[in-house]
Every structure is written in structure tokens, then in C-alpha cells.
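2 protein chains.
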Amino acid sequence: MWECDSLRQPLGAVKRMGGARQRTGRVTVAWMRTGISVAEARALVLAEAQPLAAETVPAESALGRVLAQTVRAPRTLPPADCSAMDGYALRAADLARASAAAPVELAVVYEVAAGGRGDVPLKAGEAARIFTGAPLPPGADTVVRQEQAQAQAARVRIAIHPKRGDSVRRAGEELRAGEVALEPGVKLSAAALGLLASLGRTQVAVHRRPRVALLSSGDELVEPDAAITDGRIVASNAYALAAQCSDCGAESFNLGIARDTPAELEALLRAGLSADLLISSAGVSVGDHDHVRPVLEKLGCRLRFWGVNMKPGYPLAFGRFEPPPGPLVFALPGNPVSALVCFEQFVRPVLLRLAGRHTTERPLLRVTLSETLRKVAGRMHFVRVRLRREAGRVFATPTCNQSSGVQRSMVLAQGLLVFDAEATELAAGSEAQVQLLDLDFLSGACW
Amino acid sequence: MWECDSLRQPLGAVKRMGGARQRTGRVTVAWMRTGISVAEARALVLAEAQPLAAETVPAESALGRVLAQTVRAPRTLPPADCSAMDGYALRAADLARASAAAPVELAVVYEVAAGGRGDVPLKAGEAARIFTGAPLPPGADTVVRQEQAQAQAARVRIAIHPKRGDSVRRAGEELRAGEVALEPGVKLSAAALGLLASLGRTQVAVHRRPRVALLSSGDELVEPDAAITDGRIVASNAYALAAQCSDCGAESFNLGIARDTPAELEALLRAGLSADLLISSAGVSVGDHDHVRPVLEKLGCRLRFWGVNMKPGYPLAFGRFEPPPGPLVFALPGNPVSALVCFEQFVRPVLLRLAGRHTTERPLLRVTLSETLRKVAGRMHFVRVRLRREAGRVFATPTCNQSSGVQRSMVLAQGLLVFDAEATELAAGSEAQVQLLDLDFLSGACW
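For the protein sequence lines, the chains are Y and A, in the order given. Be aware that the first sequence starts at 401, since it is given in this note's numbering, and climbs by one per residue. Be aware that the second sequence starts at 401, since it is given in this note's numbering, and climbs by one per residue.
Treat the hints with care, as some may be off.
Copies of the same chain look alike in the list, so a pair counts if it works inside one copy or between any two.
Capping the alpha-carbon separation at 25 Å, the derived lysine-lysine pairs in PhoX-like fashion look like this [what the hints assert, rightly or not]: (1) K523 <-> K587; (2) K775 <-> K563; (3) K711 <-> K563; (4) K563 <-> K523; (5) K775 <-> K523; (6) K775 <-> K587.
Hints are computed from structural coordinates only; laboratory data are not their basis.
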């Protein structure tokens, strides 16, 4: 657990430490706050997160990345009027009197395939066989679909009078040369990548993916392939957090497990300084044995806050290595559920913002409580819930065991129910909000 | 465009061809249906899609994959009763009379760090300093948090009387040895990967990712890095479709562009037969020049349907190479918007099902039309719309140009508004359903 030396006081008693620099026994701490609300903490972390610089990458690997440049059309698309259908290019005026009773026959003088050209101007009474995407021959102004035409040898009989321009795609219908195709800030979808390909763009500037360094610390921790002997615990948080990073488009690397000695912590933390964001997770809270904070501070990290009034997840610290652009740092609690919930509330929004994304929040669902929840006032609770649709409502039921040590409560959770800090009861049947983790839950219903 | 030789009739006139084998001019066609509804087509494609076989992969790369085995706990977690807090392990009975007025002092006889052991039984009147995750020493039954204790030299003073078992995590609270941790069919979340790591599982059996072969066909097509000369079109669909595949967890490889000759088509299609799913996309509709279908059939593909009553996207064909497990085949229309919309309606659900996913549909949103839409009856329209939240409602507005050749209509679309086949008008202010493509739209509101 993160301890704050000069603040070894009951939780909640000290709301602010800063406004001026204060000296603790060991280091200078400026502006560090403690025991703050979830909303304050979220505002503080987002204030530090600016989109990362651009990098140029192959368009093929840019799905989901955020564009960091303006893309203009290098040429007009389509470059000339062309057919939107397989059929016959002709002059609408020739069919002015055509009807079912009096079909009009035109001479089919040539054929224009897609990719072909029709340079010889059509004269009155003439048509050209044409295929979708093929340029309209000079003289033609309209296309009649083949289903509406009867072909016979070199003639075609048509019993309708189309509007001038029917089934013709106009030059520049998609884009004119120089026109803006995609604006900076756009998240690149499959359709956008198709458009880029159409424009001949194979490289594109996007905001860099955040790189995250993951550090576990604790003498009791081992890697998952190790023999588990008495009291050993797998450093599983690094694996769950890596997956969470990947889920929001960030890359991560695992610095490994640091024993609880300043030298080992310093060596591993130094290896993470090249990252955009450094996450340390204590295997368990380390209380008196805590060396992470002094080592962070020795390396130039200035903590912004420690301790957020939430459960699970109180012992969370956030800071930044200075001078900028040193990495941001989150020191997450060691309990697996606490670490995952803290990631959801604070790290995920920061990573999305670093990647240039505009929206950083999970969707919220309005739910009905299936059972009464109680707690003491003071901390916002994030209750892991299962969700069920019934009679037009969504019912939320807490997962089995809400202990922050029980990972299965998070494995089973489809969402996090927000139980406000000052509230003490949410009665069965009342409404609440859930941060939706399992987007598949939305499938199969209309919202 | 796909043509059906024996069925060159007005659309909609022939609803079924099959029930018995019929001979066309070229090949035997069995059970091929044409001009079917979107719902029928969806049922037909899903009927052919079974989850792929399992493969064993590193757990670290299994995020989002669907588990294909039962995972049991190899050992009890936690293996013994342990502390949930930093504090003091003790016997609750010793504090039965403790209060603020009469605190009780206990002798701190040793310390148990996380990863340590406390083998010497605690006697009455004794406590052990303990840290989160550390095993409870014999004799102790309760932990008092350090915030509720005053330590002085080798003694600790406590002014509360805890319940027996407070702040203790019971052995097996997470899982007992042999208990099921994860069931087959679970989509592996970050939390599930954390649990797997805790169990020491580094390899896990999941359903294989679908492999998709992408083929473009058309004499007019070029790759995006080519010089665009008269009438040439970039084979952009392969790039957009590859991104769509990736977006639903499938792998794809690009077979390249086949010229419109049977020999070239056959060579490229053969190269795609190792895939689980083969997608051909005509650069433009090929009408009389169509060689794709006879080549597919020559190679053993049996078409299930051709032509779905939808817009964009009518000329869609679906089949399967036989005998099973030959790849499934989608022949998508060449218009970029048509191809993307067909992928959304049919290919995406199939790929998700192949990957073992249970939910295959996009979330639906109830929207209010901001303008009146009209069409002729007969085909379901998928109208590309922008979405806007206002006064508790979501308003849908069609994107600029709904031509199926205009890719920007799909780039800008946040959803596809479903305009039922037989409907002819959706009045401004009326309600409709939208298939939500842009899940970020859900952010920042409560649903």
C-alpha cells in the first residue's frame, strides 16, 4: 500500500497537500493531493494526457488509429462521368417518346467496358453497351439498365423514357481534386481505409500508439510458469493490465518483477523510462516495506495525487516524470480487482487520449438493482455486476464475491455499477448507472 | 454484377430455384435461391457457420479469443487463509472487551511479510504484524487494519473489537483445487487472462481465428500504389474488407487482382482454397464478362443463393466449396459501399460465429428520423446515417450522397438505418432502427 509519510493520518482527514511545496522527510513533494474523489482524479489524469506525436505508418495497419493529418484527394473521383449500372449509354432526348406501347430502337455502335474508353461521340439514335464504372462516351448523357432494355444483334429496344442523367455517376461525385477527404482527428474505420486506398494513399500519419511499461513489485511474486510454493503469488496483474492496454490500442512491455529493494526497483523503473506511461503494480500492498515511491521520486517523478476515495482501488497514485515529456506514472494497488478497476477509471481514458481519441468513457447503462446494496459513506464503490434484460429493463446483480482479491468477480462482471461516494444504500428496484464493460451485452436489443 | 443464366428475368420474379437440382446451360446448380430477403440470407449464411476447431496459443495473445476448453484450478486459491490488509493478525477473542475507553494491548511477537510464513502459533494476548496477502499465522483468526491500531515498540494498542474473520481472505475464496475457473465459450477478457496467469496457465485452447482470402476481379483494377490512368480504379475493396476482417478478429490475406479471364481467376481462387472463407469482390459489376461464377463452380463451389433484396448490395452470392470443410464463399458486389454493407450484414456474423462468438449482431439504436425518406417497395435499404443526441432522443440524418459508389457516405456513417423492404416512406419525426457501427457514439450518455 502506498503510504504518504507526512500524512500518516486517518483517511479522508487530509484533503489537500500542496498549493506550495512541502518537505517530507525524504523528498520535495509539490501539489500532491490525497483522498480525492474519483471525478477529481479523473480530471487530474486527463489534464496530463495530450495526444502523442504523429508517425507515418502503412495504411493497411492503421485501423482504429487516429489521423494526424489532413488527407486531400490528389485527383477527382470519379475522374469523368461514368456508368452506375450495366446497360446502355445513350441520349435521353432519343427516348423522349418511348413507352411500352411505342418502344424506341437504337443502334448499338460499340461497347465500353469498365477500364475501357468510348472516344467516338454517340450520334442521335445511337447507344453504346456500357458496364458499371466505365466512362460515359461523348454525346451520351444517360444510362438505361440492361434489365430495362431488350438487345437484339446490334440494336437495343427500350420502352421507357429515362430522366437525363439517370444511372450516371458524375465526375467528382466522391471527391474533387484538392478536396479534403479526411480530417485530422478521425478514427480510421474500414471504410476510411478503403477511401485512402482509392486515393492511392498507402502511408498515413496517425498519432503514435501509447507504449506502456508494466512493473510488478513484491518479494512474494513469481511469473505464471514458476513453481508456486508457500505464500508465492503469480504476478498476474501484469498480464491482465497488458491485455487491458492492448484492448485500448496501446502497446505494452513487461519490465518483470522487482524485489522489494531500492536498487532492484530503480533498475527496472529506469528500464521503463522510455515508455509513454509506466504502471507499477504492487503484488500486494507493501505498507512499511514500500520502496516504490522514494525510488520514483529519486528518478524525477512528481506525484500529483495519492489515494482516491473509491473501493476497490483506494491506494492509487499518479504522477509524471519531469521535465516533460517524461512518462506518466500510475502506481496501482496490488489486489487484482483493484488494479483492473483503477485501470478502467483512469488509465484507459489516459491511453485513449494519448492515442488521439476524443471519447474516453465507457457507455453507461441505466439499470434496476435486483438486490439492495449498502455501504458506509465516503468512498465511491464500483460494484461488479451481471446484467439481464427483462421486460424492457436491464437488471443488475452483483457477482458472487465482491472482495477485491477475488478475480472471478471481475471475470464475471459485465459492468461496474457506480455506487456514489456519499450514498449508503441502493434499494432493490431502484435505478443506478453501470459502466458497461461487455459491449456484447448490447447485441440483440434496441436501445 | 452476378447474373444467373437461367434466370435472366426481372428482379423479384423468381424467388426460388431449387428444391430439386436444375441444369443451367453450364453447370448443375442445386438449391440455389435468388432474390431472397435479408433475414433469409442471414439465416442461410449462419446455418453454414460452425465454430472452427481449437488451437493452443499463448495466453498472452488470447485476448478476445473464445475459450475451447474447460479450465480448472490446479490448486486452491488462496492456498491458505491470508490477510486482506496490512495490519495485525490476532485472536478476536482477545479484543472482546476493547473499546475507545478501554483499548487492549497485545504483544507483537513477530512479523509475517507477504510471501513469508508465520509458523509459530500465536498465543492468547499475542499479535503478529502482517501484510496483505501473507498467510495467517496459526492461532490467529482475524486481522485488524493498521489504521485502527497504534503500534509502540513490540506492542500494539487496539480500541475496537473486530468480528472474527474480519480482513481475512479464506483459503479457496477464489477457487478450490479442481473447481472450474473458466467454461468453454467464454470470450477471454483482460480479467480472465489475469485469472489464467494466477492459475499458472500460460497456454490455452481457443477457437481458431478465421482466415479469409480476399480476391478482387476486374480488368480495370489496379493496386493503390499504381499510376491511375484513364478508367483505372483502385481495388480498394480488398483494403476495406481486410480492415473489416481484422475488426472482427479474423486474419486475411490478399490474393490480388484477377483479370477477367477464367484462367487467371482459377489460379487465384485456387490459392484461396486453404482459407476458411473466400471473398471475391468485383471491381465493378461484370455483367456479360462474368467469369467468377463458372470458375467457382468448376472448383467445387456450390452456390446457396444469389441476389438479396437489399440496397445497397443486391448482387451478392454465397456458397461453399464441397465437400466440407471447403471454404465458405461470398461474392460481394464491387461498389465499395455495397461491399462494406454486405460484409456488415452477412460476413461479419459468419466470422464471429466461426471464431466461436455467441453474439454476432451490432447493437440497434432507436432513432428519430430528421428527414423524410422514400423508396420503392421490394428491397430493404440500409441508409448510411449520422447520429445526434438531443433532448433524450437520437436523431438520424442520412449522409450526403447515398450512391453506392460514394465511399464517403460509409466513411461518415455512424450507423445503418434499416428501411424495411416493403415500406415506402419513413416520415420525418418517426422512429426507426439503426445498426450502430460507431460504438464511440454511446460514450457520454446513459442508455
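- Item | Broken hints, by number | Numbers 1, 5, 6 - these are the hints that the structure violates, sorted from lowest upward.
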